[in-house]
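Numbering of the sequence shown is given in the working numbering, commencing with residue 1390 and proceeding in unit increments.
No lab work stands behind these hints, which were simulated from the structure alone. No experiment lies behind these values; they were computed from the predicted model shown. Hints are supplied without guarantee of correctness; some may be wrong.
[Stated by the list, open to error] Here are the simulated DSS-like pairs of lysine-lysine, each with C-alpha atoms no more than 25 Å apart in a straight line: (1) Lys1512 - Lys1571; (2) Lys1597 - Lys1512; (3) Lys1512 - Lys1573; (4) Lys1519 - Lys1573; (5) Lys1435 - Lys1519; (6) Lys1519 - Lys1597.
[Claimed, not checked] What follows is a list of derived Cβ distance ranges for each label pair: (7) Asn1625 - Leu1655: 27 to 33 Å; (8) Asp1696 - Ser1564: 36 to 42 Å; (9) Ala1693 - Pro1610: 26 to 32 Å; (10) Thr1500 - Thr1540: 23 to 29 Å; (11) Asn1625 - Ala1570: 22 to 28 Å; (12) Asp1501 - Gln1661: 37 to 43 Å.
Each residue gets a CB set at the ideal place from its N, CA and C atoms; glycine is no exception.
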Amino acid sequence: MSFRRAALVLALAASFLTAPAAASAAPGVVEVSNTVDIRCAFYTMKANADWYFPAGTPRGLVYLQHGFSRSNGNLQDLAEQYATAGFVVFAPTLPSANLYGCTVNNIGNNTDFLNNVADLLGKATDSTDKLGRSFADARTRAGRAGLALPTSYVLSGHSAGGEVVSYVANRLRTSYAAQFAKVKALVLLDPVKSPVGQSMANAFNGLKTTALPMYAISSPPYLANSNASGTVELTNDVPRPFLGVRLSTGCHCDAEGASTDGLCTLTSGTPQAQNVAALQTLAVTWAVDGVAGTTTATHYPGGAYYDGLLAAGVTQTLSGL
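Let the hints inform the model, and build the full structure from the sequences given.
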């Protein structure tokens, strides 16, 4: 959600912000909630974390990050789609307001905090470190003791979370080369730039020098997504012929799907079923292709499913050329 709507969001939160309705996990998927330690200035934050475990052997790990004024519960629907496709999903809640700048979007200077968020994946091979401890606790609660944390990663973020995962990917590139090699795709969901700083631009300009697949699934420009600021940044910075799609009648809440709430729909519009279905289908397929090193031709330009969306007016192609 755009920072420009922060005052409205905070004013309405008490009246309209409710947790997503309780729902059982998708068939075969086990959801567990615990915490993960993240350093914030001089203290350690215990951030809420949702973990989703697929049936069978996982194909990879999806780090799924919510946006400004949202929480991990708002991405439950999409998280279950990723998990049903075989991914372990790690979805933390990061603050939208914090005295020390430890926030999901940059409203002062949150880069030190995002460095600490990146450190979770940067040190993921150490089972005694922060992410490893959270995962070990979650797998035990899920009845999956002995399961190893996957070593192929997809980073996926909605709204301001799109800036976070882009920053994290680039931080891994510059500071944890071996871990960056395990990042197989970046999937951005109506990404929004922070009102302060150049974190997103710096991330894209670093990542464009690599072969990392980077895709966005966006809605048209309007106030809720800060006039598509993140999508504009991506297409301006990354000179590639295919960077994803724009949902022609999409809204900023599409990524949340069935787990959105009244706050998002009041300020950003109500998701349409065809847009949610297209977003989930494309996001999951591109994530699967990323970790498998494959191309599901039907879901890219020239393929039957992809071109069917174009012909039906559901999507438009994004490119950086």
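Hints, verified against the model:
Only pairs whose Cα atoms come within 25 Å are accepted, and lysine 1512 paired with lysine 1571 is accepted, the gap being roughly 12 Å. The straight-line distance between the Cα atoms of lysine 1597 and lysine 1512 is roughly 24 Å, inside the 25 Å bound, and the hint therefore holds. Restraint check for lysine 1512 and lysine 1573: the C-alpha separation of about 17 Å stays at or below 25 Å, so the hint holds. Of the pairs offered as hints, the one joining lysine 1519 and lysine 1573 holds, with about 22 Å between alpha carbons and a cut-off of 25 Å not exceeded.
Pair hint lysine 1435 plus lysine 1519 holds up; C-alpha atoms about 10 Å apart against a cutoff of 25 Å. In summary, the hint linking lysine 1519 to lysine 1597 is not supported, as the alpha carbons are separated by about 29 Å, beyond the 25 Å threshold. For the pair asparagine 1625 and leucine 1655, the supplied restraint of 27 to 33 Å holds, since their beta-carbon distance comes to about 31 Å. Here the CB-CB span from aspartate 1696 to serine 1564 is close to 40 Å, well matched to the stated 36 to 42 Å.
Roughly 29 Å separates the CB atoms of alanine 1693 and proline 1610, a value that falls within the hinted 26 to 32 Å. Separated by about 27 Å at the C-beta atoms, threonine 1500 and threonine 1540 satisfy the suggested range of 23 to 29 Å. Taking the beta carbon of each, asparagine 1625 and alanine 1570 are about 27 Å apart, inside 22 to 28 Å as hinted. At roughly 39 Å, the beta-carbon separation of aspartate 1501 and glutamine 1661 lies within the given 37 to 43 Å, and the hint holds.
Checked against the numbered hints above, the structure violates only hint 6.
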